[in-house]
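Peer 1: The lines below spell out each chain.
Number of protein chains: 2
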Amino acid sequence: MENFNVAILGCGTVGSGVAKILLDMNHELVDRSGKKITLVKIVDLFPAKSASAYNLPLNLFCGGGKDLTPAEASQYIDEIIADQSIDLIVETIGGTGDFLFKVFIDALQAGKPVVTANKAMLAERGSAIFETSNANGAMLGFEAAVCGAIPVIRAISDGFAGDKVVEISGIMNGTSNYILTKMQDEGLDFDTALKMAQEAGYAEADPTLDVSGGDAGHKLCLLIKLAYGVEVDYNHLLIEGIQNIKKEDIDFANELGCNIKLICYARKMNGKIYAAVKPMMVKYDNLLSKVSGATNCVKLENKYTGHHMFVGKGAGSLETAGSIVSDIVFAAKYGYSKKMNAESDFELVDPDNFEFPYNITFSTADYPGITGLVTTAIGDELINIETVSHNRHGSNKTLFSLATMPCTLAQIKRAIGRIRAKAPNVLLDEPVILPILK
Amino acid sequence: MENFNVAILGCGTVGSGVAKILLDMNHELVDRSGKKITLVKIVDLFPAKSASAYNLPLNLFCGGGKDLTPAEASQYIDEIIADQSIDLIVETIGGTGDFLFKVFIDALQAGKPVVTANKAMLAERGSAIFETSNANGAMLGFEAAVCGAIPVIRAISDGFAGDKVVEISGIMNGTSNYILTKMQDEGLDFDTALKMAQEAGYAEADPTLDVSGGDAGHKLCLLIKLAYGVEVDYNHLLIEGIQNIKKEDIDFANELGCNIKLICYARKMNGKIYAAVKPMMVKYDNLLSKVSGATNCVKLENKYTGHHMFVGKGAGSLETAGSIVSDIVFAAKYGYSKKMNAESDFELVDPDNFEFPYNITFSTADYPGITGLVTTAIGDELINIETVSHNRHGSNKTLFSLATMPCTLAQIKRAIGRIRAKAPNVLLDEPVILPILK
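If you read the protein sequences in the order shown, they are chains L and P. Numbered per this note's numbering, the first sequence spans residues 1050 to 1487. Numbered per this note's numbering, the second sequence spans residues 1050 to 1487.
Wrong hints could be hidden among the right ones.
The list cannot tell twin chains apart, which means a pair is met if one copy fits it or any two copies do.
Mimicking BS3-like on lysine-lysine, the simulated pairs with C-alpha atoms at most 27 Å apart in a straight line are [claimed, not checked]: (1) Lys1471 to Lys1151; (2) Lys1213 to Lys1274; (3) Lys1382 to Lys1090; (4) Lys1446 to Lys1295; (5) Lys1352 to Lys1084; (6) Lys1069 to Lys1352; (7) Lys1352 to Lys1274; (8) Lys1332 to Lys1352; (9) Lys1244 to Lys1085; (10) Lys1115 to Lys1296; (11) Lys1382 to Lys1085; (12) Lys1274 to Lys1382; (13) Lys1090 to Lys1352; (14) Lys1213 to Lys1084; (15) Lys1487 to Lys1274; (16) Lys1098 to Lys1339.
Since the hints were made in silico from the structure, they are not lab data. Owing to the predicted nature of the structure, the values given are computational and were not obtained by experimental measurement.
Model the full structure from these sequences, guided by the hints.
Peer 2: Shown next as C-alpha cells:
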C-alpha cells in the first residue's frame, strides 16, 4: 500500500485536533483512502503545551519536543516543504501574514496539497493561492474554513456538481448567533449577551471580527467563489455586524413573526451577484430563524434540486479538525481536482438595489401625525406597506416601525429624505432598516 | 478532451429529468468534470410520451423515436452494455425484478459505472450488486436513492471521511411527513390526510410502500451500510408505518411538546447497530420536529464533528435527477472509488432493548383507580415516570397517557402484562407506545 505522509504546521486548538483524529482512527482512514495515511511531523513553537490537550506523543514534534524559536520553526517548515516523502501539509497556524502566505505558495508550488481552516487568508489573499494550486495540480482543501464541521464545500463542489446554486443564505458566525439568541431568549442587551458569550468561551477577548460580520464575510467570499466561480474582493463586500442591534429591534421583529439573525446572503440574478453580510429579520417559517446558539447553518436554493439546509457546529477543536481530516482522506483517495473555472462575466454588487421586504424602525420625537407623515412619504416612493406596528411612546422618544413589501434600499432612503424635508427634527436617530427574509 | 458518453435506461419522471439537465447545462458539466460528458442514447418503451415533458430530442431514443416492444428495449440495453464507447449507464427504470438485476450485474461486470435512484433494488438485492461494483472497479452511484436531492451519500462517504457516524435519525419519506403535517396542522384524521396527499400528487394510488415505512426502510438500509459498513437485510429491519396514528396520538404528543414524525433511526453502540423505522414523538427543541410537508431531513451525530442536519426535497423529477447528474460528474471526474470495507463484527438489532423515553397511551374502560393501577405497574418494572397526562373521558372509553424516563420496550411490555393480570378487561386496545426523540 502506498504511503501518504502528513505534516501539521501549527498545533493549537485545531491542529492538535487534527493530530488526535489522525492517530485515533488511523485504521479507518487507511481503509477509506486506500493509502497508508501517517502523521509524520508537527511544527509548533511550544510542543509540550500543544501536546497536552490530547496527550500527543512529543516525538512527532520537530525538535523532539523542546520549544522552538520562530527561526527554528521557519527552518523546519522549509524542510517539510522540500521533503519529497511528505505528501500533504495541514496549515493550522492562522493569520494572513506574509510568512504564512509564502508557506501556502511554496508548498503548492512544490506540488504538495495544502489543507487549511484559514478563511481569512483565503478570502483576503486567496487569488494567488488558488491560482498556484491550479497551476501546480496541488489540491487546496478548505472544508474547515467555512462553517467548521458542516461539509458545505464538499456539497457545493461535488454533491451539487449537477446543479447550479441560485441563492445562499446562512448563519455563519456562531458567536453572533449565540449573542442574538441570548438577546432573544433572555431579553438581554447586546453588551450583557456579549459578556456571556465571552464567559462561555464562544467569543474572543477581542470579539470584533465575530460581531462585526468580518468572519462571516470571509466565509461568504469563499462560498461565492465556489458556487458562482466569481472572485470576490473581501474589501468590497458589504458587511454589517450586530453591534447596533437593540432589544427593541428584537421586539419589533418578534411582532412580525421574525427572529433577527446575522445573515450571509448572496443571489445570482441577471448577470449580477447580489451579496452582503447583514442582520436580517428572518420569518419563523424559515428554518434559519430556529437555528439557535453557536450553531451554524447554510441554506442553498439550487436551480434543479430546490432548497437545501445544512446545520452543524461552526467551530471547535475536533469539529473543525474533522473537516480537515476529511479533506486529507479526499486528497489521498482522489488526488488533485481542478477547481471550477471563473465565470468572469458576473458582477458583484451589494444588494441595496435588490428588492427585499424591509422593516424600518423610526425613533421620533413626540409628534402627533407621525404615522401619517411616515406612511405618506413611504407611499410617495411607491413602496407598499405590509404592516404598521403599534407605536412605543417613551418619555423622550417614540418608536415607530413598519414593514414594507419588496422594495429597494434606495427607495427607502429617498422616503426618509422626504420625512426629513417635511419635518427636519422629527427623526432622532438614523432609522434602523433590516431586510426581512421569508 | 476525453469523451464521457452516457446512456439512460428508462425515461420516466426521473430519467427525463436527467436528460434535461445533461442537455441544459452541458457546458458547466464539461467544465466541472474535465471530460466531454455527452448524452448519447436513451432507451424507453414510449419515446414520444417520455420526451414530451421536457421536449427532449427524439433522435436520442433508441429506435429513432418509435415505441419499442419489451424485447426490442431489452436488445438495445444489451447493445449499450456491450458498447465500448459508452462510459456510464443511468438506470431509471425502477423495480427489483430479475431482468433489471441482471442489467446492474452485466453493466458493472463490463466495467461500466451505473448511477441509479433505485433504493428498492439496492436495499433488497444490493449485496451482489455492490460486490460486482467493487470486484470490477466500476462505480455504483446512488446519491439519488436516499432522500432525492439531499447530498447525504456524498456527505457520509467524503464529507465525513475523517469522522465516524454514531447516530442517524431522519425523516426520509415525504408522503408520510406530508400526511402527518396535515394531521398536525389541520386536525385531520389519517384517511382524509392520505386522500389530500394523493390529490396533491405526493402519494401513489397505492400508497402502501410510503405509509407503511417500506420506502423509508430501503433508505435506512443504504445509510446504515454506508455509515457503519454493515450489510443490512431489509427483511430483518424493524419497520412500522404511520397507518395507525390517530388524531388523539397527535394531541398527546403536542401536550408533551412534541410532533409525531416517521423516524428512520440507527445508533451504533457496544458492538451493535440499533435500527428501526418507527413513528416517534419528536420534541419541539429537536429541529426534526419542525420539518414539515413533503420535505426530507437527515440528522447525523458524529463522533468528532457532533450533530448535523441536512434538509431538502426527497423526491421530484429534477430534484432526483440533479443528484444523478452529480454522480455522473463525480464518476467522470474521479473515476471508480472503492467502497468502505464492511465491519462485519457489528450486529444489527431492533431497538426494543435500546433505552428511549417512551410515551404510552392506554385506551381503558371507565375504571376508577386506573391511574394508580397503571403507574404502580410501571413503577414495579423500575420505569421512572416523567409526566402523566390528563385523562380523556369519552362515552365508552378513557384515554390515559404517560411519558417515561429512558427504559426499554421489554420493560414496558412487562408492565402492560402486570396491568392485564391485575384487571383483565380494563385495556380496550393495544396500548400505543411511541419512543420520544429529544
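Peer 1: Can you tell me if Lys1446 and Lys1295 fall within 27 Å by alpha carbon in one copy, between copies, both or neither?
Peer 2: within (15 Å within a copy, 54 Å between copies)
Peer 1: For Lys1213 vs Lys1274, is the C-alpha pair at or below 27 Å within one copy, between two copies, both, or neither?
Peer 2: within (13 Å within a copy, 30 Å between copies)
Peer 1: What label fits Lys1274 with Lys1382 when the C-alpha limit is 27 Å: within, between, both, or neither?
Peer 2: Both: 24 Å inside a copy, 20 Å across copies.
Peer 1: One pair to classify: Lys1213 and Lys1084, alpha carbons no more than 27 Å apart. Within, between, both, or neither?
Peer 2: Classified as between: cross-chain Cα gap 18 Å, same-chain 33 Å, threshold 27 Å.
Peer 1: For Lys1090 vs Lys1352, is the C-alpha pair at or below 27 Å within one copy, between two copies, both, or neither?
Peer 2: between (44 Å within a copy, 25 Å between copies)
Peer 1: Using 27 Å as the alpha-carbon threshold, which applies to Lys1244 and Lys1085: within, between, both, or neither?
Peer 2: Result: close neither inside a copy nor across copies, 46 Å intra and 56 Å inter.
Peer 1: Within, between, both or neither: how does the pair Lys1382, Lys1085 come out at a Cα-Cα threshold of 27 Å?
Peer 2: This pair counts as both: shortest intra-copy Cα distance 11 Å, inter-copy 23 Å.
Peer 1: For the identical chains here, do Lys1487 and Lys1274 meet the 27 Å Cα criterion within one copy, between copies, both, or neither?
Peer 2: within (25 Å within a copy, 38 Å between copies)
Peer 1: At most 27 Å between C-alpha atoms: does Lys1352 with Lys1084 qualify within a copy, between copies, both, or neither?
Peer 2: between (37 Å within a copy, 22 Å between copies)
Peer 1: For Lys1382 vs Lys1090, is the C-alpha pair at or below 27 Å within one copy, between two copies, both, or neither?
Peer 2: within (21 Å within a copy, 31 Å between copies)
Peer 1: At most 27 Å between C-alpha atoms: does Lys1352 with Lys1274 qualify within a copy, between copies, both, or neither?
Peer 2: within (17 Å within a copy, 30 Å between copies)
Peer 1: Is it within a copy, between copies, both, or neither that the alpha carbon of Lys1115 lies no farther than 27 Å from that of Lys1296?
Peer 2: neither (51 Å within a copy, 68 Å between copies)
The structure fails to meet hints 1, 9, 10, 16 from the earlier list, while all remaining hints are met.
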